[in-house]
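Participant: Mind docking chain A on chain V? Use the hints.
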Amino acid sequence: MIARPPNYLAGNRLLPRPVLASLGCLAVLAGINLGCAQKTAGPVVIYLDGAGWYSSAGSVESGLRDAGYSGDFQTFSWSAYLGPAHDHLINAGSKSIARRLARKIEKTRDDQPDAPINLLGLSAGTAVILSALEQLKAGVQVDNVVLFSPSVSADHVLNKAMAHVKRNLYATASPHDAIIKGLPVNADGKGGPCAGKNGFRLPPGAETSTLAAYRRVITVPWQPSFVGFGWNGSHTSVTTRRFVSSVIAPRVLMTEPYPLDRSVVDLTLLRPERQES
Amino acid sequence: MPRRLCLVLACFLLHLTGCGGGERYRIGREAEKRGDASKAYDEYRGDAVKHHGSGAVAAALERIVPAAAAESESAALTAMDQGRHADAWRLFMRTLEIQPNHPDAPQLIRRLETDHSAEIAEARAEWLRRGWTALAYRPAEPPETVAPVPEITLAQRENTSNPGLPHGDSLATIRQTTNQPTQSDSDPSSPPPASNDASAQSTNRIYAAPPPADSALDPVPTLTDNASPPSAPGSAGGLDADVGPAAPPADSMPKKPAPLKPTARPGGEYLVVHTVSERDRRYPRIVLAVDGIKMEIRDTDDDLEVDLDLFDGDRRIKKIRDLPLGGSQTFRGRSGVLYRLTVLAIHHKSHTARIGIKPA
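Protein chains in written order, with our numbering: chain V, 8 to 284; chain A, 647 to 1006.
If you're looking for bench data, these hints aren't it; they were derived computationally from the structure.
The reader is advised that the hints may include incorrect statements.
Listed next, the in silico DSS-like pairs over lysine-lysine satisfying Cα-Cα at most 30 Å (straight line) [as the list claims (entries may be wrong)]: (1) V:K114 <-> V:K102; (2) V:K204 <-> A:K696; (3) A:K696 <-> V:K188; (4) V:K102 <-> V:K173.
Label pairs and their in silico Cβ distance ranges [unchecked claim]: (5) V:L96 <-> A:L655: 27 to 37 Å; (6) V:P182 <-> A:L984: 51 to 61 Å; (7) V:G199 <-> A:R775: 23 to 33 Å.
C-beta atoms are modelled at their ideal positions from N, C-alpha and C, and glycine is treated no differently.
Just chain A, same shape as in the assembly:
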């Protein structure tokens, strides 16, 4: 009798926890370890078709969503800046499919549909035909020309009339253009680029918004090279085969930029970019900023200013008040190194700010 009881209990526990996932889950794990969030997401999602009761798959999907969405959004922003509006639309739709409560994607999709309806019509029709199949992430071919982007652009997004949700309507961001080489060009510890194509010498870099809520997965700014070489087509997901028969033609799919790379170049790009929020629960209010220094958001103002406190342990070392968008302040880390923090974006409705930090 006890043996039977144990068996029943074991079955019950197995039912509760689910199985551990299949082959695609394993591939996804490997991709996640490599830092290829999009590939990992596609694999986990594909695995969930069969193992929808698996706790491991559910946890993996939950974990990978912020990074995959940020990666997709970053590629979409790049496509938008290059004038590839249909691709941008597809990528924003994918971003929204990955993270349905994405704060910015709905508004950007609507803007693209309004401003470039003719270019997007075909992509939209294809999406409607596709039914409920997932949009796979396909590699990109490098654009021949890069649209000129101003040195620093403060993009103030329009307002929408949503009373409850934290949208990107009043989100202001800074896009930074630099002619410096990528980290992988100079940092021997980073993985080499996928190709030696000349276009890999990217010029346009965009900080993706928003960074993932789970900073353990992607603690660095999601910096992307928009003119990166095409990667292997193996990352094309194959999700369309998983769910429903209607798959878009391969040549109409969005293109994948180079894998996201961490930026740890002193004096160059931001060492880290943190999103902190007072009200949006997806983001922490206090974050370990850099070099043992904690950063806490206190408030944001209507006129896009942010109040921050910096702590060394429990001791407040700096009180920053009314720091405007684009403004910066210096502070000293625990090791004595001087750092500069810059306000990259503010979303006042949710009292959220994105802060970039680099050595001063």
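Pulled out of the complex, with its shape left as it was, chain V reads as follows:
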């Protein structure tokens, strides 16, 4: 007896007919939604998760929604899904991935010239954000950038990136962040302490243009009161829904300057002894 392969055309199917029909309907619906649906106008948030940490987008989105954000929330996948080490050491520094994000931002800006675009990222995702900002075409700007526990160097020069940020760049920092403290190398490949510990540092001998750029770089350092909002100082709890809703969203969604914001320049020039220490 010779075994024959199944003849699908003759009705000898692997899947029953109703299942195939359902899958077909789903495919058509997906095509309609993805390809033909009209894009929604309005504010856009693009979020990048951390290295090997793919679950914080939900809480960030919920936090923003709690604070009244009603615009589009998109996640940008930059991970290779080969674990945190691969993401941190290879993908976070990849120029091609950053270019892909830059093209996405440019396309969003082309589609909606007046809509607020906010970039949010966690940990090594912040390296991709900074690299993408540096690769944006001249004249393309996002509104705000929020770097949660940035695992990039505190000495990363932000002039080029800040040219593409209309308002502020916020960076959270915590001395209790064990992951940041234990990193052998920063996600942007640069040396020195991590920005996620004490924030970005003003370059020594900064010129006027650098000062102007860093006046919009604002560190949100961990404070004991943030424990009540869910951020206990750890690396990933900074993306807790309540913290995003209560502390980050007012800064990002508000069009006016937030009163508690102190720029890196303010803190450096007014309190040099603290910076040195």
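Facilitator: For chain A alone, coordinates are given in the frame of chain V:
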């Protein structure tokens, strides 16, 4: 092996839940029980410096934030009305530090910075020097004169261009001035005032905004006497020592008014003040108003009118439509007592209203 496994599991659970907090947590609990929200907040916050992984401290801070922010805002409004703009600025900043998403404080801070920049310059410079240390709540010395406040002021706040956040931009409030004595003067069950200073006979009372989301902690209007005597300096927090070295001089710190007191005077102030909201999740949509009667907000209008429904159990007893700001309606409680509700504030963007209720 099972014993080891149990030990590992216990350690893991302990790590998840955190420890129970330290000495300052205990002091904070006591202050919270006394109703001193600011002191409790400062103590909890101080405890969180060491026990930042503690679930108990986190829960306590989360619980106390609305009441502490309301207390601080109330003191700030009082200072603003008395013309102490630097103090008002400091207190609004503290309010915002306590509750970073406070709906009104950012706008009021900006207004103070615009209108009284010279007076605030020093406080601002001091704040910048302070770094990221917390602003402690210090006791106040009573003002010598009280700025005249109109009998009822409808303060329509200006608009800002924030598309997403519920600000106080269109929030309208009523400030009420009364010459009646405080509750503690007449109600023997309430705690006595901190001092017998003549200035304790306050004249200016302001309903603080917004009342706390957690009504279990502060279910009564946050009524404050702005000319209250100074309390003991022990409540000065000491947070500056916790986080960072730069602390402002004590004499430049804002002053603390008398502790907030509940107002349960029939015929006088509001028995309760509720904030209800259709869209702002910090506030309930339906609230147990008074005497078994539930109040539900249905809608607010552009022209600052509110729609409310009153329920006795599941039965609707009153349908109130287009009640304007400052307007009032009467209703009967389950016990038969007649009550009057008054619209104290409306924030149309978030469909939020603050309603005061007193016996009719």
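Participant: If a hint holds in the structure, say so; if it does not, say that too.
Facilitator: Hint-by-hint comparison with the structure:
no., hint, verdict
1, V:K114 <-> V:K102, "18 Å, holds"
2, V:K204 <-> A:K696, "17 Å, holds"
3, A:K696 <-> V:K188, "18 Å, holds"
4, V:K102 <-> V:K173, "23 Å, holds"
5, V:L96 <-> A:L655: 27 to 37 Å, "34 Å, holds"
6, V:P182 <-> A:L984: 51 to 61 Å, "59 Å, holds"
7, V:G199 <-> A:R775: 23 to 33 Å, "27 Å, holds"
In this structure, none of the earlier numbered hints is contradicted; all agree with it.
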